[in-house]
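K.L.:
Spelled out from the first residue to the last, the chains are:
Protein chains: 2
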Amino acid sequence: MVTPSQGFEVSSVNVPLGGRSYSIQISSGASDGFAASIRSALGDVSHVLVIADEAVDQPWAESVSAALAASGEEASPIRVSRTTVASGEPSKSIAEMDRLLQWVLQKGGDRRSVIVAVGGGVIGDLAGFIAASFARGIRFVQVPTTLLAMVDSSVGGKTGINLPGAKNMVGAFWQPSLVLIDTDVLSTLSQRSYLSGLAEVIKYGVIDDAEFFAELEDQATALVARKPAALRHAISRSCQSKASVVGEDERETSGRRAILNYGHTFAHAIEATAGYGKFLHGEAVAIGMQMAARLAVDLGMCDPSLLDRQTRLIQACCLPTTWADADPDAMLPVMMRDKKVAHGKLRFILPTKIGAVEMVGDVDEAAVRAAIVKLKS
Amino acid sequence: MVTPSQGFEVSSVNVPLGGRSYSIQISSGASDGFAASIRSALGDVSHVLVIADEAVDQPWAESVSAALAASGEEASPIRVSRTTVASGEPSKSIAEMDRLLQWVLQKGGDRRSVIVAVGGGVIGDLAGFIAASFARGIRFVQVPTTLLAMVDSSVGGKTGINLPGAKNMVGAFWQPSLVLIDTDVLSTLSQRSYLSGLAEVIKYGVIDDAEFFAELEDQATALVARKPAALRHAISRSCQSKASVVGEDERETSGRRAILNYGHTFAHAIEATAGYGKFLHGEAVAIGMQMAARLAVDLGMCDPSLLDRQTRLIQACCLPTTWADADPDAMLPVMMRDKKVAHGKLRFILPTKIGAVEMVGDVDEAAVRAAIVKLKS
Ligand SMILES: NC(=O)c1ccc[n+]([C@@H]2O[C@H](COP(=O)([O-])OP(=O)(O)OC[C@H]3O[C@@H](n4cnc5c(N)ncnc54)[C@H](O)[C@@H]3O)[C@@H](O)[C@H]2O)c1
Ligand SMILES: NC(=O)c1ccc[n+]([C@@H]2O[C@H](COP(=O)([O-])OP(=O)(O)OC[C@H]3O[C@@H](n4cnc5c(N)ncnc54)[C@H](O)[C@@H]3O)[C@@H](O)[C@H]2O)c1
Ligand SMILES: [Zn+2]
Ligand SMILES: [Zn+2]
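Quick mapping for you: the protein sequence lines, in order, are chains A and B. Heads up: the first sequence begins at 1 in full-length UniProt numbering, then just goes up one per residue. Heads up: the second sequence begins at 1 in full-length UniProt numbering, then just goes up one per residue.
It should be emphasised that the hints constitute simulated quantities derived from the structure, not laboratory data. Heads up, some of the hints might be wrong.
As the list claims (entries may be wrong) - Here are the simulated SDA-like cross-link-like pairs (lysine to any residue), alpha carbons at most 20 Å apart as the crow flies:
1) A/K107 with B/K374
2) A/K167 with B/Q106
3) B/K345 with A/A75
4) B/K345 with A/D110
5) B/K167 with A/W103
6) B/K374 with B/G277
7) B/K167 with A/A135
What the hints assert, rightly or not - Among chain A residues calculated to face chain B with C-beta under 7 Å, some are:
8) P90
9) I94
10) D98
11) L163
12) A166
13) V170
14) A172
15) Y276
Glycine included, every Cβ here is placed at the ideal spot set by N, Cα and C.
When you get a sec, could you build the whole thing from the sequences and use the hints?
P.N.:
Below, the structure written as structure tokens:
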């Protein structure tokens with residue numbers, strides 16, 4: 001659905017979750033309208049708590065806060081409080097949770113308050129968990145500011161923090177009431193971080209949407225150049241794919257949600273063995289999808305042309321397709337510890353054709369090693 | 001339903017919550033069978049994490065842990081880890097949550113682990129929140145060891161911790177998989193704490209169950225003397241009442257669950273103005289129910305005989321029915337801050353007859369003051 005709003009084009013994707021359904025609104029240059037969107041989607045809004053990544057506090061979080069405060073009427077004023085969180089993964093901690101919960105309380109938060117998260121996946125996960133836990137759950141709105149957050153972390157209701165040595169170990173399933181995406185917000189994001197987000201976009205094409213994959217092949221140059229129309233379309237189709245998977249398996253119980261892990265068992269092992277920091281997450285996912293596709297071809301599950309097309313698209317998006325230092329001896333033990341391992345057997349999400357994947361249990365270790373080694377060049 | 005189990009009488013109450021339904025098993029001297037009950041109700045159990053109040057670690061938590069470990073078979077062993085928590089409300093803190101989450105991780109907790117809470121409401125609320133949050137939610141079993149926890153806090157899925165100055169401000173709705181009650185566990189509980197729990201039992205009679213109220217009138221002496229049969233019956237009927245209310249309003253959204261707050265708006269003001277510690281919670285609830293019934297009589301909502309019967313039953317249970325130091329000037333401001341106040345109007349759960357209550361909004365402040373003053377003697 002595409003609806004004109006205040007002269008801008010805003011497309012909207014519905015996340016179908018019964019009483020917890022919500023919409024993702026995607027636009028370019030329409031963030032002036034965010035305050036109005038929040039009021040119209042949430043109804044009774046009198047106290048808003050904005051939690052922002054320090055890197056995007058100015059101008060984005062500040063302008064959304066000001067617009068919200070200004071949108072109150074005399075009869076129903078809106079009180080807005082705002083705090084910033086240090087950029088980076090270490091903020092997803094119990095210490096930061098403690099600080100934010102006390103901040104919400106001190107600002108007079110109650111069951112009717114609304115939390116607005118402005119930032120990348122770190123802020124969305126952290127602020128979402130605050131929303132899930134304060135007063136046993138209050139409403140929250142996601143304003144994602146990285147491409148990864150727009151197409152992945154802000155959709156689906158997974159919130160949480162890390163324990164020392166254990167990422168995302170603590171959290172809740174808690175759905176936002178609204179997700180507001182303005183592609184203009186990405187203007188300050190580094191090209192490397194932006195491209196990294198494109199890896200997840202490509203993922204949706206491979207696992208769920210052959211037509212979208214073909215569109216990405218056509219639009220790769222426009223996407224790398226961040227052309228707004230191509231970008232809005234890519235975000236919208238990605239969110240549609242994620243929303244439909246989440247709608248079928250909200251709490252990760254049926255197994256359906258596992259298809260979102262395409263490339264990720266390899267990617268986690270790449271991130272861990274390369275040393276955290278060498279690859280951005282999306283870069284590791286790009287290489288991980290290559291290993292998974294290679295494995296699928298080797299197992300006779302799909303045609304080699306799938307790997308060729310995926311390789312070309314990843315390259316067109318300026319992302320890595322190989323890793324010269326890949327070491328199966330180092331990667332395998334990490335993969336065996338991964339949550340996707342059941343009773344010591346390696347399980348993978350593998351493509352059968354563009355747009356379709358299957359969960360394969362009990363994959364031969366030698367085949368996995370071979371796929372890793374083949375992707376060294 | 002009453003089913004014989006291992007020669008003991010175990011009655012069981014079902015909490016009807018669709019896919020999250022669970023049973024509360026009530027017995028005397030049957031805690032030897034807890035391990036078997038857990039395995040049969042939960043199915044796949046290979047790693048159990050027991051979190052116990054230090055006051056009941058010996059013998060109760062230790063014996064449940066030993067029985068669980070011993071009940072594993074060679075093909076499917078059960079690993080049991082156990083930790084204790086300091087007695088008392090201050091343990092419901094983020095610091096203790098942090099410690100316990102790291103303990104669960106360090107003991108190898110994963111999505112299939114099971115948490116068992118052995119203690120009163122403090123341990124149940126805290127361990128329940130750990131279960132709700134670890135890996136975004138794992139199974140847990142309540143083994144309540146105070147009467148209040150048996151009839152109230154262990155049923156209904158409210159879990160959580162306190163913030164400085166704000167009780168139960170952080171938490172989750174997270175239902176247990178099973179509640180195991182053995183009245184023998186109460187043998188070490190002080191008489192004062194035990195009697196305090198009876199106030200909540202009386203509450204269920206007034207708000208929901210006239211027949212039960214009459215039984216309590218008959219059985220008051222037996223209950224004060226902790227006769228097992230009378231006690232099991234009282235716990236069972238109390239849990240039935242709470243279960244049916246929770247079944248209708250799991251997440252406190254329809255308003256139905258508010259009836260459980262009968263007497264509590266007054267009680268919270270009594271606890272706050274008497275200085276925390278002067279009254280146990282149930283003692284304040286007893287006086288609070290008297291004030292609420294008095295208010296209902298004064299407003300012409302119910303017959304004065306209701307107050308008379310309630311007074312006699314509370315007295316027969318050796319609980320206070322009046323408070324000489326009650327000060328409406330101190331209590332009213334606390335009541336106005338209470339969550340049950342909407343837009344500055346006082347709201348109360350008031351009885352219309354034994355077994356039935358109504359939510360009354362917009363109660364005249366003068367009538368509230370008068371009810372408080374009349375209960376000074
Ligand atoms: N909840 C989920 O379903 C889900 C899914 C995937 C990832 N995640 C989580 O998301 C996190 C990663 O998300 P991320 O990649 O967005 O990381 P991030 O939030 O750390 O953002 C990356 C960096 O970009 C900066 N930044 C954000 N927006 C910016 C902008 N508009 N301009 C300039 N700089 C900007 C941040 O300050 C940060 O330094 C991880 O913690 C991961 O666990 C969650
Ligand atoms: N979740 C809910 O729905 C709900 C409902 C009501 C109350 N609560 C919470 O419950 C808590 C109060 O519960 P409580 O009254 O059980 O308090 P508690 O857990 O603090 O127990 C009271 C005292 O009794 C001791 N104790 C417990 N079992 C014993 C035993 N068998 N023998 C000897 N000593 C024993 C404890 O060490 C403690 O000192 C509060 O934190 C309250 O917020 C929760
Ligand atoms: Zn990813
Ligand atoms: Zn109570």
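K.L.:
Output the numbers, in ascending order, of every earlier hint that fails for this structure.
P.N.:
1, 6, 8 and 15
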